[in-house]
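Number of protein chains: 2
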Amino acid sequence: MNLAVDYVAAHGIADLSLRGLGAAIGVSHRMLIHYFGSKEHLLVEIVRTSEQRQRDLLSRLRLDPGLSPADAARLLWQQLTDPRLAGQERLFFEIYGHALRGRPEAAPLLEGLVNDWLEPLVAAEVAAGADPAVARNRARLGLATVRGLLLDLLATGDRAGVNAAMEDFLQLYYGSK
Amino acid sequence: MNLAVDYVAAHGIADLSLRGLGAAIGVSHRMLIHYFGSKEHLLVEIVRTSEQRQRDLLSRLRLDPGLSPADAARLLWQQLTDPRLAGQERLFFEIYGHALRGRPEAAPLLEGLVNDWLEPLVAAEVAAGADPAVARNRARLGLATVRGLLLDLLATGDRAGVNAAMEDFLQLYYGSK
DNA sequence: CAGGGCATGTACCAATTGGTACACTCGTGA
DNA sequence: TCACGAGTGTACCAATTGGTACATGCCCTG
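Residue numbers (the UniProt record's numbering), protein chains in the order written: chain C, 1 to 177; chain P, 1 to 177.
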């Protein structure tokens with residue numbers, strides 16, 4: 001399964017064929033159908049696993065509560081922009097594009113795409129004493145900006161420029177340093 | 001051509017077939033090949049036309065120079081989130097996803113995806129007296145946030161929440177109102 | 001050894017794809 | 001009237017797709 005996600009992250013989901021995937025991970029397309037029932041179920045599993053990886057990234061971050069919010073955000077940003085994750089991030093945007101078209105294997109993702117990320121962020125801000133309603137908008141803004149800059153980074157590869165913009169944002173967001 | 005873009009904006013590019021498109025706009029798939037040479041050339045034209053539409057949106061906005069930057073941004077945001085443009089925006093994200101995979105018909109878009117939008121924004125800020133280097137980062141941040149919130153809106157449909165987050169951002173960005 | 005599941009490979013199928021060959025129409029200019 | 005070239009419909013093609021039928025092997029329990 002993990003091999004499959006790696007392959008899909010590297011090659012994309014758009015023109016994925018059971019035969020291609022099978023050949024890459026060493027089984028016949030016959031077996032993929034046998035294990036997953038259909039290509040659609042396979043894609044559902046791939047999407048779920050990919051989501052899980054993203055979530056793991058966030059939860060692993062929460063282990064160190066000594067950080068200031070700004071530094072925690074910086075650390076998360078650093079991890080998200082790790083070049084080794086680029087394939088995974090591309091896959092995220094690609095799946096998002098498919099989900100917008102109502103593809104059934106990607107549709108469940110739309111639901112949690114924002115809200116599932118908002119919740120821990122809001123919880124963190126509320127725990128720090130913020131007003132819940134205000135915190136939700138702020139979290140929404142932070143999430144959107146991170147994703148927008150990630151989109152920029154993947155498109156342009158201009159790491160320095162994007163990092164500078166992120167630093168600007170952090171200063172606006174958490175107050176001037 | 002415009003009919004073709006409308007159809008693609010409505011149905012997506014992922015599983016587009018010449019026959020499907022042809023039937024929708026009243027020609028045979030044979031004719032599409034005849035006019036465009038191949039499916040790939042057709043997609044290139046569609047992407048170009050779609051880009052052109054987006055650009056037109058921005059340039060049409062520049063007609064009224066009496067607005068404050070914040071109000072101009074608000075107006076642009078209103079236009080971008082017009083429900084009638086939703087198909088077009090979805091198409092944008094979908095094409096972006098494909099471009100990340102190196103699809104030849106979408107690759108040229110990656111170049112201009114950020115820079116072509118940055119230039120007019122930077123020019124506007126510099127004309128207002130900003131330092132060019134600072135302005136570029138700021139513009140980059142603004143563009144990313146707009147796109148991130150657009151992604152949020154398309155995924156959740158929560159117009160009120162996204163608008164509130166945008167208002168938060170404008171206050172951070174242009175100073176508290 | 002016998003037998004029964006599970007896993008797997010081979011061969012196949014119908015459907016759909018982009019693209020091509022060819023014939024046909026129709027307006028225009030000589 | 002004739003020739004001709006652009007536009008178009010019909011029929012077709014090879015390739016690829018997801019999915020299935022069937023046989024074969026392999027391991028485990030009796």
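Watch out, some of these pointers could steer you wrong.
As the list claims (entries may be wrong) - Taking CB as the label site, the calculated pair distances span:
(1) C:Ala123 / P:Asp64: 38 to 48 Å
(2) C:His11 / P:Gly37: 21 to 31 Å
(3) C:Ala24 / P:Tyr35: 51 to 61 Å
(4) P:Asp56 / C:His34: 23 to 33 Å
As the list claims (entries may be wrong) - With the Cβ distance kept under 10 Å, some of the chain C side facing chain P (calculated, not the full set):
(5) Ser17
(6) Glu51
(7) Pro83
(8) Leu85
(9) His98
(10) Ala128
(11) Ala130
No lab work stands behind these hints, which were simulated from the structure alone. Treat the numbers as computed from the prediction; the structure is a model and nothing was measured. Quick reminder that beta carbons are idealized off the backbone N, C-alpha and C, glycines included.
ask   = When the hints from earlier in the document are held up against this structure, which numbers fail?
value = Of the numbered hints given earlier, those the structure breaks are 3, 4, 5, 6, 7, 8, 10, 11, listed in rising order.
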